[in-house]
Amino acid sequence: MKILNQQPIEEHRIALEPFYLPQANEIDLALAAYHEQLPLLLKGPTGCGKTRFMRYLAWRLGLPLVTVSCHDDLSTSDLIGRYLVRGMEAVWVDGPLTLAVRHGAICYLDEIVEARKDTTVVIHPLADDRRELPVEKLGVLYAAPPEFMLAVSYNPGYQSVLKDLKPSTRQRFVSLTFDYPPPELETRIVKQEGRIAEDLAASLVKLATMTRSLKESGLAEGASTRLLIQAARLLQHGLDIRTACRAGIIESLTDDPELLGAMEEMVQSIF
Amino acid sequence: MDLHAQKQAFLQLVSPSLPNEWEVEEVMEALAGVSEDRRRILLSHVPTIWPISHTLCLSYLAQGAMEERSCPPELMPEWVRQILSSYEHGGLRGAREFMADIEANFLDPLRGRACIDLEEVRGRMVPYLRGVSGLPLDLIADGRNSLWTDTRTIFVPGQLHLFADRADNLLFFRFLIVLQWGFIAAGTYRIRPRRGDFALVAERYGVTAEGGGISDYLACFPDPQRAGEALLLFESGNVARDLGRELPGLFRSVRPLWLRLLDRYRGRGGTGRQWLLDRLQEVVSMAESPGGRDDSGKRPGGGQARLAGFAEFHDALSGRCREEDRELLRLLLGVPDFTAAAKRLEQAREEDRELFISLLAGILPKNPSGESDGEKGGTGGKEADSITLPQGRATGEREEAVGLSLLAEVELPPELAAVKGRIETDLGEVPVSYIQSAAGLAGPGRTLAGAAGKDDQRLAVDSSFVYDEWDFRRAGYRKDWCAVIERELPSQRTGFVPLTLQKYRGLIIRMRRQFEMLRTTYRFARRRRYGDDIDFDAMVDAIGDRQAGLAPTDRLFIRLMRDQRDIATLFLVDMSNSTEGWIGQLIKEALVLLCEVMEVTGDRYGVYGFSGMRRSRCDLYHVKHLDEAHGDDVRRRIGAIGPREYTRMGPPVRHLTRRLLETDARMRLLIILTDGKPEDYDGYADSYAIEDTRKALIEARGSGIHAFCVTVDQKAHEYLAHMFGQGNYIFVNRIESLPLRMAEFYRSLTS
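Sequence lines, in order, name chains L and A. Just so it is clear: in the first sequence, position 92 is 79 by this note's numbering, and no numbers are missing. Just so it is clear: in the second sequence, position 613 is 612 by this note's numbering, and no numbers are missing.
Don't take every hint at face value.
What the hints assert, rightly or not - Derived PhoX-like pairs: lysine-lysine, alpha-carbon spacing no greater than 25 Å straight-line:
#1 K153/L - K30/L
#2 K193/L - K419/A
#3 K419/A - K202/L
#4 K193/L - K30/L
#5 K104/L - K124/L
#6 K342/A - K419/A
In case anyone wonders, no lab produced these hints; they're calculated from the structure.
Kindly generate the complete structure, drawing on both the sequences and the hints.
What follows is the structure, given as C-alpha cells:
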C-alpha cells in the first residue's frame, strides 16, 4: 500500500507576512491556545478578518495552513482522505485534515456550519485532549503532533435555525469573537489594503458604519471591511468614488430598492 | 428695442419665409410689453417652432408674452417641448388649448412631479436618517406642516416643493432633515445654561429667572418661540461645520440650491433681511471651511460659554428681521419646540437610568442572602468577582470615588457600555446615585410592589396551567405564580380575511411560489445503497479500497432525495390593548398571509394570541392548534383577534414551550409577534417584565426550542437585544411591510 502525497505540505506555508492589525487581544489568546494545544473557534460577521487572522497566525507560528471551505456536500472522505487507483495499484491520498495532522500544520475549517453535522463529528477526537485522528480505512490512529492546531470559523449572524453549531462541537473550542474593527483601525486597514489615501479610507469606513446601523431595519448585514477594500481597489482604475461604492459596496448588500435608495443617498452625502 | 427693429429681428429669424404683415405686427405689439430678457428667450425658440407651424409659432409668441409672470425662464424649454408635443397629438387646436391655461396644463402637473411627498420617500429616508445618525430616529409628517424635532422624532412638512426639479427637492428635503439631526447631535436641545446666562437675560428683560434647562432659559425672553428660532440660527454655523465634516458630499450638492433659494429673497426687503440672508449663507459656507471659526468652548463637551453672546444676537435678530423674514428662517432651520424636546429628553434620560441600573445590577455580584428561593445564582458575570461594593453608608467624596472605581473595574458588556456612553454624553458623567441604585438592586431581593399586594394568596389550581415567574431582584423564581388559561376566540364572521386575501392577491401568489421551494428542497444524497445514478466518488473509493485489500462499501449510488422538513412552529401574537388600530390590523393581515403560505410548506404550525390582567389570569387565545387543519374556522378566529388587556409575556411563552415539547418535531420554533414591551397591571413592568420574559425565553432555548421575535415597536432598540438575545429578533419599522417581512423572516429562519 502506498501513500501518495499529491499536495506537498510546503505549498501551504505562508512565506510573506500577511497584513494584519490586531483588534484586541486575539493574537495573545490564539497563541496561548496554540501553546496549550487547544482548538480555536472564530466567530464573526462576514469579511471582518477571520481568514486573514488565521493566515497571520500561521505565518507567526511558522506553520503551514490547510484551509477547507465547508459546504453541505462535504463528506468525511473529503476531509480524511481516500484510496485512489493508479495503474493496478491502490494509493491512499490524504484529505486536508489528515494532511495537517500528519505534518503538524494548522487545519482551518471555514464556515463550519455549512457542512453537515455528521461530517463535522470527525473533528471531535481531534478537538479534545485526545488530539487524535482515527483513519479507519488505513487502520491507523494518528496522534496529532504538538504543532497541529485545529481552527474553525462561522458567522453567527445567519438566523437560520437549521444552521447552527451542535453544542457538542461548540464546547470543545476556545472562542474568539471578531467584529468589524473600530473606525481608526478599519481606516488603516482599508488604506493599506485598498492602497488609497487616508481621508478617503475614513470616508469609506464612515459609509460602512452607516450601513451597519441598518441591520435591524432589514439589512441582513452591513458592509464588511472586505467590501470596503474591494471598493477602494476599484478606485485604482480611475472609476469615480460613487460608482465604486455602488458597485463595490451597496449593490452587494441587498436587492431591496428602498434600502438601496437609502444607501445610495448615504454615498452621495459622504462623497 | 423699437417695434420696427424687433420686427426685423423676427423676420430674420424666420427668413426666407414671408409671413403676413398684419399677423406679425399684432404679435410684435404684444411682445413690446415684455422685458428684454423675456423677449430674447421667447424669440430663441422661434427657429424650433416656425418650421413646424407658422400659426403655432405666432400663437406661442402671443401667449408667451402674456404669461411672463407665471412661467419662469428655466421652464421655458420644457413648455415649448410640451407645446410641440400637444401640437403633434391634437393639432393647432390642441396646442392652443394647452397654451391657454399654463397654470393648469403645464405648471401644476410639473409641480406634482417635482413635489416631494414624505410618504413616497419615507421608505428610504428613514433608513437613511438612521444609518447616517446611528440613532433610532423616526420621521413623521407634521400636522402643522412645519419642521421640528423632539430629539427622537423629526417632524417634517408632508410635502416639499421649492424647486422645479424633483431631484433638487429631494436633495433639499434630505438636507433639511439632516440639519435637524445636526441640532440633536450638537446638543443644542441639551444646552445647560449657566447661572450667569440666566442672570444676564433676567437683567436684560426684567424678569425673574430661577435657573433650569434650556427651555426655561428661553422662556425668559419676551417671545420664547422667537428666541428658540434665534438660538437655532445662533448654533447653525457650528452645527453645519460638524455636519459638513461628516457629510461633505451632501453639502457640496446642496450648496447651489441653498444659495439659489436665498437669492430669491435677496434684493427685496431691507438691510435686516440682508443680514439674515448673510447669516444663513454662512450655514453652507461654514461647512466648506473646516478651520473657519474658533469654536473652542462652544461644543457640547465644553458647553460652558455656549450661550455667551446669544442675548445680543437675539436682540439683533429681532430688531432687524420682520415677520416675513422669520418665515424663511422657519422654512430652513425649523420651528423648534424646546419644551417638547426637554420632555422627550427627560423621558429618554429616565429610560436610560432604569436600563443602566438594571443592567449594572445584573453584572454585580449577588449578595448571598439575595438568593432566597431562587434555584440558580443567575446572571453574575465572571468579571464581576473583583468588585467590592461600599459597605454601609459612604459619604461625599468616598461615595464618588467608589462609584467611579466600580465602573472602571467592571468590564462592561457592550449594551451597558452603550447606555453609559449615552448617559455621559447627556449628563457629562454617570451620577453616583445610579450606581448606588444598581448596587442596591443587586443586593437582597425585595418584594415586588403591587404584585405581592392583596392577591398574594396561592393560586387556585383548577383548569388553568400554573407557572413560576422569574424575579430578577431576588434571582429566583416565584413559585406557582401565574395562571395561564386557555380560551377560545369567538369564531366571527367578518369580511376581514377575504378582504385581506384580495388585497395581497399578487403577493400571496408570489410568496406561495417561494414557499413551495422551501418544501421541495431536493438534494443529491450520495453514497446510497440504491439510487438513480452511480456515485462516481464512492465508486473510486470502493475500487481503491478493494485494491488495497479492504472490504469495499456497497453504498455506490446517488439518489435524489427530498429533504423532510420536520418543523413545528407556534406563533404567539400579542393581543394587548396597545395593538388597537392599524398595528393590530396589520398583525392580523400578516397572520392571514402567513397561514396561507404556511400551508404550502407543509410545516406544522399553530397560532395563539395572548393578553390578560394580573398574574391570576393570563389568557391564551386559541386560533389554531398545531395539528388543526387550516380552514374557515381558523380564518374566522383570525378575524376575531383584537386588542384586549395587558402583555404579560412570560407565562404564555412558558405555556407554549410546554406545548411544543409535547410534539415530536425535530425542529421546534416559537415566533412571537409583538408591538412593544411586556407589561401587566400588577407591577409586571420595565426590568421585572423584561427579565421574566428573557428568562422564559432562555428556558425555552434550554429545552431545545428556537424562540424568535418580530417586533413592530418603533422605539424598541434598547431592550430587545437583551430580552430576546442578539440575532433572535427582527425589527419591522415600516409596519406596512410587516406581512411581507414576517413571511420572509420565517422563510429565512427555516431554509
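Looking at the structure, which of the earlier hints fail to hold?
none
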